[in-house]
Amino acid sequence: MTGEPLALWAEILVCALLLLGSAFVLIGAIGLYRLPDFFMRLHGPTKATTLGVGGVVIASLVFFSAGPDGLSLHELLISLFLFISAPVSAYMLTKAAVLQQLPVDPRTRGKPWDQ
Amino acid sequence: MLAYVIPLCLAMLGLALLLTLARLIKGPCLPDRVLALDTLYINAIATLVLYGIWKGSDLFFEVALLIAVLGFVSTVAVAKYMLRGDIIE
Numbered sequence: 001m002t003g004e005p006l007a008l009w010a011e012i013l014v015c016a017l018l019l020l021g022s023a024f025v026l027i028g029a030i031g032l033y034r035l036p037d038f039f040m041r042l043h044g045p046t047k048a049t050t051l052g053v054g055g056v057v058i059a060s061l062v063f064f065s066a067g068p069d070g071l072s073l074h075e076l077l078i079s080l081f082l083f084i085s086a087p088v089s090a091y092m093l094t095k096a097a098v099l100q101q102l103p104v105d106p107r108t109r110g111k112p113w114d115q
Numbered sequence: 001m002l003a004y005v006i007p008l009c010l011a012m013l014g015l016a017l018l019l020t021l022a023r024l025i026k027g028p029c030l031p032d033r034v035l036a037l038d039t040l041y042i043n044a045i046a047t048l049v050l051y052g053i054w055k056g057s058d059l060f061f062e063v064a065l066l067i068a069v070l071g072f073v074s075t076v077a078v079a080k081y082m083l084r085g086d087i088i089e
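Chains V and R are the protein sequences, given in the same order.
Just so we're aligned: 63 in the numbering used here is position 63 of the first sequence, and the numbers increase by one with no gaps anywhere.
Just so we're aligned: 46 in the numbering used here is position 46 of the second sequence, and the numbers increase by one with no gaps anywhere.
Because the hints were derived from the structure by calculation, they are not lab data.
Ideal placement from N, C-alpha and C gives every residue a C-beta, glycine not left out.
Accuracy of the hints is not assured; some may be wrong.
[As the list claims (entries may be wrong)] Derived Cβ-Cβ restraints for the label pairs, each shown as a range: (1) V/R109 / R/G14: 33 to 39 angstroms; (2) R/L10 / V/K95: 34 to 40 angstroms; (3) V/F81 / R/M1: 46 to 52 angstroms.
[As the list claims (entries may be wrong)] With a Cα cut of at most 20 angstroms, we get these calculated DMTMM-like pairs of lysine to aspartate or glutamate: (4) R/K55 / V/D105; (5) V/K95 / V/D105; (6) R/K26 / V/D105; (7) V/K95 / R/D86; (8) V/K111 / V/E11; (9) R/K26 / V/D37; (10) V/K95 / V/D37; (11) R/K55 / V/D69; (12) V/K47 / V/D37.
Next comes chain V alone, as it looks inside the complex (with noise of 0.2 angstroms):
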């Protein structure tokens, strides 16, 4: 920590918002991890991951802003890319299994390519 000391309802907002978005990055992990096949397992980075990292970097944005050199914005942008870019990227990798025809556990519903 460097420079004078935050305030305190921005100091409680910060660690709110960095606990929030880690405890999501990390179940994403978990979820990427553990889930049997991998149309499940998409589900984690695209939905939890996502979500993590918007905590994180609003988080960032919250603290810049309270700091001394006032109102900071641009860590929106990596946020807004993400939101972005993480749908195409997660449909591009499921045409893609879908393509190879990966196995698939019982448990996930519907075939993709029996349509």
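Please build the complex by placing chain R on the supplied structure of chain V, with the hints as guidance.
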């Protein structure tokens, strides 16, 4: 308070990175590995932003943005290769 929360969050993100790395090594097929790489760079962005908060420095933001853009482009390129067997037709 921030001095206690940030190391805790760094530990959680480090555990997430290790789990993703395990999936990257173990992953039974190619789309699994590409998905693990995708998750790995997203987690790296979160870790870099958190480190920037810890050091109170704005410099890590540019690094995170570069990783975001290049990671997305490389994921799309590899997915295109898996779909068509070719990147540029």
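Comparing the hints with the structure gives:
no., hint, verdict
1, V/R109 / R/G14: 33 to 39 angstroms, "holds (34 angstroms)"
2, R/L10 / V/K95: 34 to 40 angstroms, "holds (36 angstroms)"
3, V/F81 / R/M1: 46 to 52 angstroms, "violated (30 angstroms)"
4, R/K55 / V/D105, "violated (45 angstroms)"
5, V/K95 / V/D105, "holds (18 angstroms)"
6, R/K26 / V/D105, "holds (18 angstroms)"
7, V/K95 / R/D86, "holds (15 angstroms)"
8, V/K111 / V/E11, "violated (48 angstroms)"
9, R/K26 / V/D37, "holds (13 angstroms)"
10, V/K95 / V/D37, "holds (15 angstroms)"
11, R/K55 / V/D69, "holds (15 angstroms)"
12, V/K47 / V/D37, "holds (17 angstroms)"
Hints 3, 4 and 8 from the earlier list are contradicted by this structure; the remaining hints agree with it.
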